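Peer 1: Below are the chains, spelled out letter by letter.
Protein chains: 4
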Amino acid sequence: MIKRIGVLTSGGDAPGMNACIRAVVLTASAYNLDVVGFDHGFNGLLEEDYQTLLPQHVQHIIQHGGTILKSARCKALHTEQGVIQAAAVLHKLQLDALLIIGGDGSFRGALAIAPHYRGQLIGVPGTIDNDVDGTDFSIGFATAIDTALDAIDKIRDTADAFERIFLVELMGRHSGYITLSAGIAAGAEQIICPEFGPVYKNQLSSVIGPIQHAQLLRGKTSYIIVVAENSYPGGTIALAEDISIELGTECRACILGHIQRGGKPVGADRILATKLGAYAVEQLTHGAHLMMAGEINQQAVLFPLAQTSDKKKQIDPYLVRWQQQIASD
Amino acid sequence: MIKRIGVLTSGGDAPGMNACIRAVVLTASAYNLDVVGFDHGFNGLLEEDYQTLLPQHVQHIIQHGGTILKSARCKALHTEQGVIQAAAVLHKLQLDALLIIGGDGSFRGALAIAPHYRGQLIGVPGTIDNDVDGTDFSIGFATAIDTALDAIDKIRDTADAFERIFLVELMGRHSGYITLSAGIAAGAEQIICPEFGPVYKNQLSSVIGPIQHAQLLRGKTSYIIVVAENSYPGGTIALAEDISIELGTECRACILGHIQRGGKPVGADRILATKLGAYAVEQLTHGAHLMMAGEINQQAVLFPLAQTSDKKKQIDPYLVRWQQQIASD
Amino acid sequence: MIKRIGVLTSGGDAPGMNACIRAVVLTASAYNLDVVGFDHGFNGLLEEDYQTLLPQHVQHIIQHGGTILKSARCKALHTEQGVIQAAAVLHKLQLDALLIIGGDGSFRGALAIAPHYRGQLIGVPGTIDNDVDGTDFSIGFATAIDTALDAIDKIRDTADAFERIFLVELMGRHSGYITLSAGIAAGAEQIICPEFGPVYKNQLSSVIGPIQHAQLLRGKTSYIIVVAENSYPGGTIALAEDISIELGTECRACILGHIQRGGKPVGADRILATKLGAYAVEQLTHGAHLMMAGEINQQAVLFPLAQTSDKKKQIDPYLVRWQQQIASD
Amino acid sequence: MIKRIGVLTSGGDAPGMNACIRAVVLTASAYNLDVVGFDHGFNGLLEEDYQTLLPQHVQHIIQHGGTILKSARCKALHTEQGVIQAAAVLHKLQLDALLIIGGDGSFRGALAIAPHYRGQLIGVPGTIDNDVDGTDFSIGFATAIDTALDAIDKIRDTADAFERIFLVELMGRHSGYITLSAGIAAGAEQIICPEFGPVYKNQLSSVIGPIQHAQLLRGKTSYIIVVAENSYPGGTIALAEDISIELGTECRACILGHIQRGGKPVGADRILATKLGAYAVEQLTHGAHLMMAGEINQQAVLFPLAQTSDKKKQIDPYLVRWQQQIASD
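Chains as they are written, first to last, in the working numbering: chain A, 1 to 329; chain B, 1 to 329; chain C, 1 to 329; chain D, 1 to 329.
Read the hints as simulated data drawn from the structure, not as lab findings. None of these values were measured; they are calculated from a predicted model. Hints may be right or wrong, so weigh each one.
[Stated by the list, open to error] Residues from chain A that keep clear of chain B, each with C-beta distances beyond 12 Å, as calculated:
no.: 1; residue: Tyr50
no.: 2; residue: Arg118
no.: 3; residue: Thr143
no.: 4; residue: His174
no.: 5; residue: Gly277
[Stated by the list, open to error] Okay, derived cross-link-like pairs now, DSBU-like style, lysine-lysine, Cα gap no bigger than 35 Å in a straight line:
no.: 6; chain 1: B; residue 1: Lys201; chain 2: A; residue 2: Lys311
no.: 7; chain 1: C; residue 1: Lys3; chain 2: C; residue 2: Lys201
no.: 8; chain 1: D; residue 1: Lys312; chain 2: C; residue 2: Lys313
no.: 9; chain 1: D; residue 1: Lys75; chain 2: A; residue 2: Lys201
no.: 10; chain 1: A; residue 1: Lys313; chain 2: B; residue 2: Lys92
no.: 11; chain 1: C; residue 1: Lys201; chain 2: B; residue 2: Lys201
no.: 12; chain 1: C; residue 1: Lys312; chain 2: D; residue 2: Lys313
no.: 13; chain 1: C; residue 1: Lys75; chain 2: C; residue 2: Lys312
no.: 14; chain 1: A; residue 1: Lys311; chain 2: A; residue 2: Lys201
[Said to hold, decoys possible] Taking beta-carbon pairs under 7 Å as the criterion, some of the chain B residues facing chain C (in silico):
no.: 15; residue: Tyr31
no.: 16; residue: Gln63
no.: 17; residue: Gly66
no.: 18; residue: Gly119
no.: 19; residue: Lys154
no.: 20; residue: Asp160
no.: 21; residue: Gln298
no.: 22; residue: Val301
no.: 23; residue: Ile326
Cβ atoms here follow ideal geometry from the backbone N, Cα and C, with glycine treated the same way.
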């Protein structure tokens, strides 16, 4: 029977992390478990920087972005000494389990601690990138899409008023989830992301062709290209400049950047965060260890923590195909 | 080989209907199909009130609430004469198929026309209520949740400032989807909806008990009860009054009403609408008839139109149980 | 030289009250003044329920609705005993001044305390109603307009989709500020508020006439009437029913209610709140007493607290006239 | 007696331009004037690209960003031949007046046409920059502030979660209006804009000092610097890099860019746009010529078009002083 659990948020912050912390604390309270929250991710664990979390501490945080436990990257955890120290603190504080809210980098931290720790380790996927395997969606993804959309809708107003071409760069270092989803939802005329194949410097015909086609045939009043970060050598601003030269007409770039991480979580993220936080605590009481609590086909499920970054999750092939069909029409 | 299809929106409007119309027109264009849009739901069909829809007509409507085709209830379709007339117009306009975006009431209209019509009939679920079987979510539901949440978050500010009890009534005549989802996402202290059992006039202990418990034990600074419409004899305002009397402290009611139907669709609704609109047209070209295009487990699927209102769709039992567990803690 | 000031928020909460508290604390810190915050308005004063406020207590509250000091009405202050008690607490806590953020009711409370108190009293106008004389705008008004607008824009989507008539009831018991402003900004087809003259039961021609005129001549696709609360015997729902009967077509009512008080303050309210909070503290150091800090023509000014409810503030006559001219066109 | 007027939007688009076009058309209709709208600013005038605008054309555009008339810069108007051509088209179309919605650049275009045109010329200030003299606010400014705020609030979440320093670059090539207003409203820890004095490369003590001071003394959990564009040689990204080097801690830059121009106008902009559009038409009927319709102290006023860029408009000295006082505390 577990009695005391620790919780921390790690890696890039994601809207809904607070909703998840709340669910963890309320559910633990229903199971008569004590909860200790570490500040600044694994750093708080190493530095014994923590606080007891009671239901009154998580009142009315469900609607706030960021994380009341703070987040951080933690270099020390990449050393043998660091992971041993982390396990030692968990033992010292008599914690029967540690719950990590974060992405696959954070889960690797948990896996590194495992050999040295007698307790249970469980992860909850919290990252806007949605690049964690074992769950259909990660906490924060839905909000990031709506934040991106809100910005693209605004750029559409100006693009339309000026009949101009705009590039909008979205986050997603290794995956096109945010870019494809926001691009489809915004009705973007073109989407550039890893899954759609690379764009080479000075070989822009794959990008330029559809623009010229659209302008000629469809009387488009504006043309928006949504671009995943790192899609072009030199970056999206360089891409905009190169397109401008090729087309002989000004093309502007907007880099959305960090506004995609913050903000009030949308309903879908609050519900997912609540469900997964509750489920993770419940499964800890049933002995879950080295697992991630995810949601697949609307069912809460456990998935091996070690496999969350094994397989590249696929973005919806139906939408990929549709976008390509429409764009080439 | 089909050549020409008709499309209409029917029943209560839902955010994302425009995104669906856009996808229908763009996809039809990719398949070289002509599209005719009827105004005011089935009324436009009966009155031959229609327009040809080309890609340029659906530019930049993806982000708008409402429906460019207008919607309406249609009494005439409940008569034998009406359905015969509807079929006659479809034949006259040489439409090989009719695509209906709406809820189960609208689908019953389609089923009534079927015996008289030689072409294909297909439905797409567009209703904020999410009470259509054969799809995990209907178009408009996700936006309605976020609209409700936005209002409840605002009421939370005031409830907190005054340490008051508020009732917020949400839509959902026959189902608790919106109420449960928005209630969980808002961190509502109590949820009253059909699936949680009835509340009887002058037998308010099931409602009052948890309020008193929460105020005593947890130092709650505010208490929000989310209520599905039609949950109490006399309505939610009467319920607030009866609670006020029982508790001896003022309790206020807010009826969200029609603001839940409108607004810019969120990303999830735009993507769902795009996917289902595209899929419905694609399946028409493969001969689909008397089917609804839905999404189950992230896959676009066909489901018999006749069965969309057969079975009461279940709301997430995990969240139902969790909410009851937390509330009684 | 003053050394210590008290601050409280009183009456209906208004977005921007937190921004004002923050400015009071930061400015006081710059002047080396201590600040004590009372909870629950004058109740916290009477019950000695207070906390010291330091700059770190007001970090990142500028963007939140509600008030960290809570608010309340206070019946005890309407008694001689209450005001004597209030003054006694102020003396006991060695407060040289009390700063009240609220509406004219709250200011009357301050005036009642004055004869018994040796310190200074200053008010800052915080109310969504904008019915306080001595300032062009009160804190919270701008946000309330945008909240109302957001709701009316959503209702417009549905009204348009159905070509329907909607009534939207806004707050403003004694004045039409919110109603006129939101009505103009929403492009409402008709505005009913005290300043536009009364509407009598069963004498609806002044309301019905313009509807019929608009529908006949302009091909209106929807018709929205914005109504100040208390404009019709029996309320806005009764008005909608009576219009429905007269016109023979369904007309729906939406009561926005308490969502108008909450929410993240817009920029204009945060700036006004910051300016007036800072100015009030600064003027206290110069000896201001029985004054309200307001803004007129973009200048911070002092205005006698006793006169803030003397004169009925006029709503913009230019917009009133324009709306009537357009409506009758 | 004038009979026919032309209207165009020119320069950078601003939220509220559509609300202004609507007011122009509705007011003109009330005065029995015909309205012709030119597309793409002065280009539409030169190319005789126009449409008649009737009340039904401006229904339900009040809530949309951008401009239904499109906008553009127009190089041809900088030539003698261009202005003569513009005047010739105005005469040919028998327009008694031209109404220009735009910034001071657009007004210079109008002034250039004046010597060649027999009709009346009137301007309405529509630009997010608020750098036009003769009006307290220009159309679009209030919305741009709220758009910037929304982004900064989101960045605050992440900055707080990571206890990081962020730079946020806002628009305003020659003035600090947007930067000061958004900075104050966001509770930014530091504001860098022309009016606060220059920042020199490699002389960053004025920037670095307050950061170090704040971190030492106040336990700040995040630090946001709002920066007007063009405030640092090499741009805001270079500034972030230089601060990172100086402080030895990572500092990130976000460039808001074009999202500041678009979006649904807030209430204040819709009301201002309505008032100034109506007033401009009304004053045209009274013979106004070479004037701009502005609002000063809540009164609609006329101001000589030739002087709108004469004097640098001052940003609120009270807030400037307060920000400096607080920052140095």
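Peer 1: Confirm or reject each hint.
Peer 2: Each hint, compared with the structure:
1. Tyr50: Label holds. Min Cβ-Cβ 23 Å, cutoff 12 Å.
2. Arg118: 29 Å, holds
3. Thr143: 9 Å, violated
4. His174: 21 Å, holds
5. Gly277: 10 Å, violated
6. B:Lys201 x A:Lys311: 56 Å, violated
7. C:Lys3 x C:Lys201: 58 Å, violated
8. D:Lys312 x C:Lys313: With Cα atoms ~33 Å apart, Lys312 (chain D) and Lys313 (chain C) stay inside 35 Å; holds.
9. D:Lys75 x A:Lys201: 32 Å, holds
10. A:Lys313 x B:Lys92: 49 Å, violated
11. C:Lys201 x B:Lys201: Status holds; Cα separation ~32 Å.
12. C:Lys312 x D:Lys313: 33 Å, holds
13. C:Lys75 x C:Lys312: Given that 35 Å is the threshold and the Cα spacing comes to 25 Å, the pair holds.
14. A:Lys311 x A:Lys201: This hinted pair holds, its Cα atoms lying about 29 Å apart.
15. Tyr31: 28 Å, violated
16. Gln63: This hint is violated: Gln63 (chain B) lies away from chain C, its Cβ roughly 12 Å from the closest one there, beyond 7 Å.
17. Gly66: Interface hint status for Gly66 (chain B): holds (4 Å vs cutoff 7 Å).
18. Gly119: Violated, because the Cβ-Cβ distance from Gly119 (chain B) to chain C comes to roughly 26 Å (cut-off 7 Å).
19. Lys154: Since the shortest Cβ distance to chain C is 3 Å, the answer is holds.
20. Asp160: 5 Å, holds
21. Gln298: 28 Å, violated
22. Val301: 28 Å, violated
23. Ile326: 23 Å, violated
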